[in-house]
Amino acid sequence: MTKFIVRRSAIAVLLLFVVSSIVFLTVHMMPGDPVLLMLGTDSNPDPQAVEALRRELGLDQPILTQYVNWMLNALQGNLGTSYSEHVPVMQSIGSRLPRTLELAGVSLLLACIIGLPLGVLSALRRGKFSDLVMTTGASLGTSIPVYVLGYLLIILFSLNVFGWNIPTLPSSGYVNFSKSPSAHFQRLILPAVALALGLAASIMRMTRSSMLDALSAESVRALRAKGLPEHNVIIRHVIRNAFIPVVTVIGLQMGNLIGGTVLCETVFNWPGLATLLVKAINQRDYPLIQGCILVMSSVFILTNMVVDIIYGVLDPRAR
Amino acid sequence: MKTICRRILSVSLAAVMALTALSGCSGNNSNSSGVASSTPESSAQSQVGKKDELVVAISSDVSTLEPMVQSGQAIRLIKTCLYRGLMAYQADGKIGTEIADSYEIGDDDKTYTFKIKQNAKFHDGSDITAEDVKFSLERILDESVGATFRSDFANVLDKVEAVDTKTVKITLKEPCAPFIDYLTLPESVIVSKAWCESHKNDLNANPMGSGPYTFTSWDKGREIVLTAFSDFYKPGKPETKSIRFVITPDATTRANALQTGDADLIDYVAAKDITAMEKDDNYKVYVSEAPFMCLQFNVKSGPLANPKVRQAIAYAVDRQGVINTAFMGRGTQIFGFPTQKGENGYDGKYDSYFSFDQEKAKALLKEAGYPDGFKIKILSSSTYDMHKQTAIVVQDSLKKIGIDAEVELPDWSTRIERSNKGDYEILVSGTAGNIVDMDWTTNYFESGEPRMNSSAWFSDAEIDSLLKEGRTTIDAAKREEIYDKLRKRVLDLSPFVFINYREQAFASSNKVEGFVNLPGVVTYNSGLTLEDTYVTE
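Protein chains in written order, with this note's numbering: chain A, 2 to 320; chain B, 21 to 557.
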C-alpha cells in the first residue's frame, strides 16, 4: 500500500513539473504583449516607457533564462509578482482560491444531496413514469449550460419577474463572510444552485446506472432468495456496491469544478480563481496565468491522486 | 452503514435548513444589499433624504490607480474622484478651473501663469503648492512613471517654475492652442510632491490626491471604496458620504445589478439594455455619442496604397448595416469627418462627402486599376462583439464590389500588439479623440512610425504642416480655416474610412440625482460629476 501511495505521489510531482513547463512555454509563445496592455490600451503608450517597463519585468531576457528563473523561484514557493495586480501572485491566488473552493464545495454538496437520492429512487422505479420524469429532468439538467441556467435563476429569483411572493436574492456580487455572514450566504445561493443542478443531474445518472448494474448482480438475487427484507438488500448491499464508481465521479468533479466555475463566476460576478485566470490571460499577465494554472492543476492532480488512493483502498485490484 | 446514512441525512437536512433560513434573512427588501455599510460619520455632508452610499458597477477591472496612466475609461471614474488637475470639464460641458483659481496667458502665447486656490488641499491635509504643480507636470515627463501622454507634454513643455507658494508659471516651447485641453485630461492631475517622495513615487499602492473622495479600501478584482473628503475645495461637495465601485465586467450582470438594486449606477450599458431601460420609468439612461467606428489601412504597398481604392471602400461600406448589426440600430452614420458641429467652428459642410454608393465604388476601383477587385485581410477582434460584427458587415460590403476579404479575429491583446506594429492590411477600430479640440487629429494623421491610432505608414506633407499650424496658431478664426483644409485633405486621401458614431451610455435607478454624462468625447470624464451625485432615500 505504501509503495502504491509513493508511486502515485511521484507521478503527481512529475505531472506538475510537466504541466508548469508546458504552461510557461505556451504562455510566452502566445501573441500579445503584456507591456502594451499595462501601459494602457486607449492610447499609444510611449515607446521609451515600453522599453523601460520591459527591462524592469525582465521580459528582455532570453526565454530560457526567464524559464529557469521562474522555475527556481517557484520551487521556493515564489510565483512572482502579478503585472496587473501589482501584488505577489501567491497573494492574489490566496484571496481568490478559497472563494472558488467554497463555491465548488457547496455546489458539490448540493449536487450530492439532490443527485444521490434521486439516482437511487430512479433506479428502483426503473421503467415507471416517475423514472421517466427523473431521467428526462436529468437529461435537461446536463444539457442546460450554466450561463443559461444562471440568468434564468436571476430572472426568476432576483428580478422576480412573475412577482412571486418570495424573498428575492441578490443577483450578483460577493460579501466577505466576516463582514456580514447573511449577505455572504445570500450571494452564494444562486451561483451554487446554478452550478449544482448540472452536476446533480450527472451524479443522478451515474448513480442510476451504477445502481442498475448492482441490482442485476446475481448476489442480489441470492440475497432476495435468502429472504432478506428488500430495504436491507438495497441499503446494505446494492447501494454499497453501486456507490464506489459514483464516489470516483464525485471526486473528479471537484477537480473539474476549480477551473469549470468560470462561466458561473462571470454570470454572478463571483470573484474567484477562474475569473482571475481569464483576466490574467486577457492582460497577458504571465506570472499570474502560470500561478493560476499551477494551482488549478495541483488541485486537480491532488484530487485525482486522492481518488486513486481511495479507490485502491476500496478495491485492492486497482492498486 | 445505517448510522452513516442517518448522519449524512441529518447533516444534509441541517445544511438545507441553514440555507433556507439565510435566504429568509433577505426578506422582500430587494434594495438593501445586505451589507452593513460602515462609513465613518466624519464628513459634514450628511443630509436627510440622501443615502450614505452610492454603488457604481463598473465594466472593467482596475489594473492601476496610477493617475498618469490611462488604463481604461471605467477606471477614469475612480481617478476623477481621487485626483483633480488645474482645469477640468464642468457639468455644462465647458472647461473650468479646478485646483487653479485663475490663469493668464502671456503675450507671447507661450507662458501660462496659474494661481492655485487658497483652500485647495490634499487628502493628507497639506496645502497644494506651486511646487506640487511643478512636480506633477515634471512627473508626466518621467519615463519610469509610464505616463500615457508623456510625449504630448514632452513636445510642448519647456519649463515649469514655482513663482511663489500659490503661483506657478508654465513656459511652452512654442504656442500650443490646445494646451489647456491637455491640462483637463484625467491623466494630467496634480499630485503631492511630499507624498510621492515618501511613498517611492508609487501612487498605485498609495493613492492620494485632492479630489472629492479619499481612498479607503481596495479588494483587488472586487471593489474599491472611497470616502468623502471633508476638506474638498468646493464647499458642500461631495454629496454622498461614500462611493463603492464594484467591478462587474459582464454587461448583462451589470444591468441585472442595477435592476435588483445591487448597484445605483452602471457604465458601458449595452445597446440592448439602453432600449429596454429607456422605456422603463424606474431607470434613467444617460447617453452621449462620442466614439466612432472606423477602418484603418496599412498604406505601405499593394492596392491600399492607392487613395482611390480607399475612397472606393469609403463608398462601399454599408454604415447602416454596421449600426444595425453591431449596435442594435443605435448610432449615427458618418459619411464625412468625425467632428461634431460647432467644434472648432465646424458647420457640417463635409457631412455628406461620401455616400453609400457601391456602383461608384466599383467605378473607382476600376479607375485605380483593380476592375476585378483583389484579396485582402481585415484584422478585428473576437473579444468585443462590436468589433467582430463591424468586420463581418465590412467584409460583406467589400464582397459586393469584388474585394474578397478574410476576417481575422484574434483576442484583444493580440490585436493591440499587431495594430501598434502596423501588422495588418485593414484594421477595424473603435476610437475617440482624447481631447475636444481638433488637435486630437494629430495623433491620428501625423506621419511617423505605426501606432495604435494611425493608419500604418500613412504620411502626407500637407497634412503634417496643417496639423502643426493648427496646433501653434492661437487665433480661433484662423484655426477654423486650417482645420477646414485638414478635413478636406483627410477625406480626399482617406487614410481612414469613418463608419459611425456609437453611444456611450450610463444608467442609474431613478433615485439617483446629479450625475451627468458629459457630451461628446468628454463623456470619458463624466466621473467628475460623481461629486454632485447622490441617491435619494
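These are computed hints drawn from the structure, not numbers from a lab. In this text, all values refer to a predicted model and were calculated from it rather than measured experimentally. Treat the hints with care, since some could be wrong.
As the list claims (entries may be wrong) - Per label pair, the in silico range of CB-to-CB distance: (1) B/T187 / A/L26: 56 to 62 Å; (2) B/K257 / A/L16: 55 to 61 Å; (3) B/N302 / A/K129: 46 to 52 Å; (4) B/D251 / A/L157: 44 to 50 Å.
Beta carbons: idealized from backbone N, C-alpha and C, even for Gly.
Hint check:
Hint check: B/T187 to A/L26, Cβ distance near 58 Å, so the stated range 56 to 62 Å holds. Look at B/K257 against A/L16: about 58 Å separates their beta carbons, and that is inside 55 to 61 Å. The supplied range of 46 to 52 Å is met by B/N302 and A/K129, whose beta-carbon atoms lie about 48 Å from each other. Between B/D251 and A/L157, the C-beta spacing of about 48 Å keeps the proposed range 44 to 50 Å intact.
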